[in-house]
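Novice: Chains as they are written, first to last, in full-length UniProt numbering: chain Z, 1 to 294; chain A, 1 to 243.
Derived from the structure by calculation, the hints contain no laboratory data.
Do not rely on the hints blindly, as some may be mistaken.
Here are the computed distance ranges between Cβ atoms for each label pair [as the list claims (entries may be wrong)]:
#1 Asn261/Z x Arg112/A: 45 to 55 Å
#2 Arg112/A x Tyr242/Z: 42 to 52 Å
#3 Arg289/Z x Asp129/A: 28 to 38 Å
#4 Glu131/A x Leu278/Z: 52 to 62 Å
Pairs of lysine to aspartate or glutamate residues, derived as EDC-like cross-links and limited to a Cα-Cα distance of at most 20 Å, are as follows [unchecked claim]:
#5 Lys8/Z x Glu116/A
#6 Lys94/A x Glu124/Z
#7 Lys79/Z x Glu112/Z
#8 Lys88/A x Glu124/Z
#9 Lys11/Z x Asp110/A
#10 Lys86/Z x Asp111/A
#11 Lys15/Z x Asp110/A
#12 Lys98/A x Glu201/Z
#13 Lys141/Z x Asp236/A
#14 Lys11/Z x Asp129/A
#15 Lys8/Z x Asp175/A
#16 Lys15/Z x Glu116/A
#17 Lys127/A x Asp175/A
Quick reminder that beta carbons are idealized off the backbone N, C-alpha and C, glycines included.
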Amino acid sequence: MSFRNYVKFAKRNIKRTPFQAAAASLSMFSAFLALIGFLLISIGLQLTLQFYESRPQVMAFFKDGTTREDISAIEDNLKGNYQVTKTKYVSKEEALQIYKRLNQGKDPLLTELVTASTLPPSLEISTITLQDLAPVAEILKQEPVVEDVVFPEDVVSNLSTATLLVRIIGGVIVGYLILYAILQILMIIGFKIRLKRNEIETMRLLGASTSFIRNPFILEGMFYGVVGATAAWTVIYIMLWYFTPYIQGGYLGEIRLLPPNPILMLSLLIIAILLACLVGALGSFGATRRYLRI
Amino acid sequence: MAYGCWKSRRDKIVVSLQPMILFDKVFKKFGSSTALDDISLEIKQGEFVFLVGPSGAGKTTMLRILTREILPTSGTVTVDKIDLTKLKNSEIPKLRRKVGVVFQDFKLLDDRTVFEQVALALEVLGKSDSEIVKAVEHTLKLVEIWDKRNLFPRQLSGGEAQRVTIARAVVGKPDIVLADEPTGDLDHKTAWGVIQLLNEINSWGTTILMATHNQEIVNTLKQRVITLKLGKITKDNTEGKYE
Chain Z
1 MSFRNYVKFA KRNIKRTPFQ AAAASLSMFS AFLALIGFLL ISIGLQLTLQ FYESRPQVMA
61 FFKDGTTRED ISAIEDNLKG NYQVTKTKYV SKEEALQIYK RLNQGKDPLL TELVTASTLP
121 PSLEISTITL QDLAPVAEIL KQEPVVEDVV FPEDVVSNLS TATLLVRIIG GVIVGYLILY
181 AILQILMIIG FKIRLKRNEI ETMRLLGAST SFIRNPFILE GMFYGVVGAT AAWTVIYIML
241 WYFTPYIQGG YLGEIRLLPP NPILMLSLLI IAILLACLVG ALGSFGATRR YLRI
Chain A
1 MAYGCWKSRR DKIVVSLQPM ILFDKVFKKF GSSTALDDIS LEIKQGEFVF LVGPSGAGKT
61 TMLRILTREI LPTSGTVTVD KIDLTKLKNS EIPKLRRKVG VVFQDFKLLD DRTVFEQVAL
121 ALEVLGKSDS EIVKAVEHTL KLVEIWDKRN LFPRQLSGGE AQRVTIARAV VGKPDIVLAD
181 EPTGDLDHKT AWGVIQLLNE INSWGTTILM ATHNQEIVNT LKQRVITLKL GKITKDNTEG
241 KYE
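Work the whole structure out from these sequences, hints included.
Specialist: Here is the structure:
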């Protein structure tokens with residue numbers, strides 16, 4: 001029997017039980033809504049983490065009167081002893097430019113009252129790993145010319161924890177939902193097999209092979225999976241586009257996460273469809289094994 | 001229906017010496033009750049054989065063994081040189097494609113038209129759409145039900161439904177047709193129509209094994225009659241007599 005015939009039989013099965021088809025697709029939709037959602041949150045957190053990691057991670061602000069030579073000596077010392085990848089000296093004038101840029105469009109008094117002499121020169125230091133941040137900050141704090149040391153220890157640490165938590169919790173919830181979807185498909189296809197018991201018995205007596213009976217059910221399960229996954233992906237994509245101005249403009253600021261990268265979204269769709277096919281096929285295969293005893 | 005017409009038709013029947021169905025010392029037990037008790041028989045290719053006997057004699061059990069729905073408890077059963085007792089489950093569909101079955105209760109699918117019921121038998125065989133359309137049209141015309149091709153089973157009379165079952169059983173050109181009480185629930189005239197059809201199918205060389213209670217049909221057709229009683233063959237009458 002050709003693949004076209006399997007499709008024809010599967011189509012007939014779906015058409016004749018529209019409510020069961022809707023229930024199966026909705027079940028897959030819920031599972032994949034959660035799956036794609038958690039994947040996107042996880043990717044977003046990872047990108048945020050990378051954003052923080054890629055920025056100057058330790059900033060040392062120097063006291064007034066510190067010379068460029070003093071700062072260069074500290075710079076050389078750090079480069080020689082620690083996993084420092086990059087250092088950047090920010091003079092008082094550059095600090096003023098940065099300040100003005102950050103406060104552009106805000107209260108004019110904020111920029112008018114501040115001059116280069118009121119801002120300290122600073123040194124921005126990046127390290128290979130996050131673990132190197134704390135020792136670098138400690139060394140800098142001990143330098144007599146250093147006024148203050150700032151590094152986003154909490155942000156990075158919180159983001160790492162959040163990413164890990166999202167991965168674990170998301171994994172558990174998605175795993176549960178996938179299992180639930182497989183069982184739902186198994187139940188619905190099993191129910192359909194029971195409804196069609198006489199038809200299947202007649203087909204067997206006519207000489208239908210195992211694949212002739214089984215494959216349309218497997219295709220049917222895959223169809224529900226693909227419909228559910230595609231619908232979930234579409235809903236999420238539309239929501240992301242709709243909420244981009246609010247989330248990106250209101251919360252994310254410099255961290256450019258939205259609108260989502262189309263290649264990333266397309267890859268997610270392909271992964272979701274492949275996984276949906278697998279889930280649908282597994283559920284249906286289980287049902288045919290259980291109820292057809294083939 | 002003039003019964004005499006069968007005689008002229010019988011001249012066309014091709015009976016080969018090749019055994020098509022072979023039962024050798026077959027026993028079948030369901031728990032403590034014996035359904036078949038030491039059955040041995042041979043049916044040749046192209047034969048039309050009636051299987052008669054009271055209810056519970058073992059007729060349906062024999063037919064179910066031939067479609068490999070059940071296995072004998074002991075003994076061997078061969079269909080076209082295939083030993084059914086050694087047949088693997090995966091090979092059963094191949095056997096069933098050689099055997100067309102006509103059921104007393106029709107076993108038609110409620111949600112398919114007459115055309116689709118018959119087409120299903122060919123879809124199972126993996127035939128192409130064009131082959132299916134051609135063969136179904138030919139067979140439905142043969143059983144004189146082509147004009148009802150778009151009707152569903154609930155819209156058919158008993159005789160029409162049985163014709164559809166016969167069409168479905170023979171459309172794939174099986175070597176053997178097994179008919180289990182095909183005239184059981186039909187009126188006299190319709191029953192004869194069904195028998196006429198089976199006889200015509202037999203005239204092409206198809207082996208037919210028909211379980212029936214209908215003494216009139218058996219005695220009129222004068223074909224081989226195997227009588228079963230309590231699972232045993234009590235008579236094997238080639239004169240076509242059912243007493």
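Novice: Taking the numbered hints from earlier one at a time, note which ones the structure violates and give those numbers from smallest to largest.
Specialist: Hints 4, 6, 7, 8, 10, 13 and 15 not satisfied by this model.
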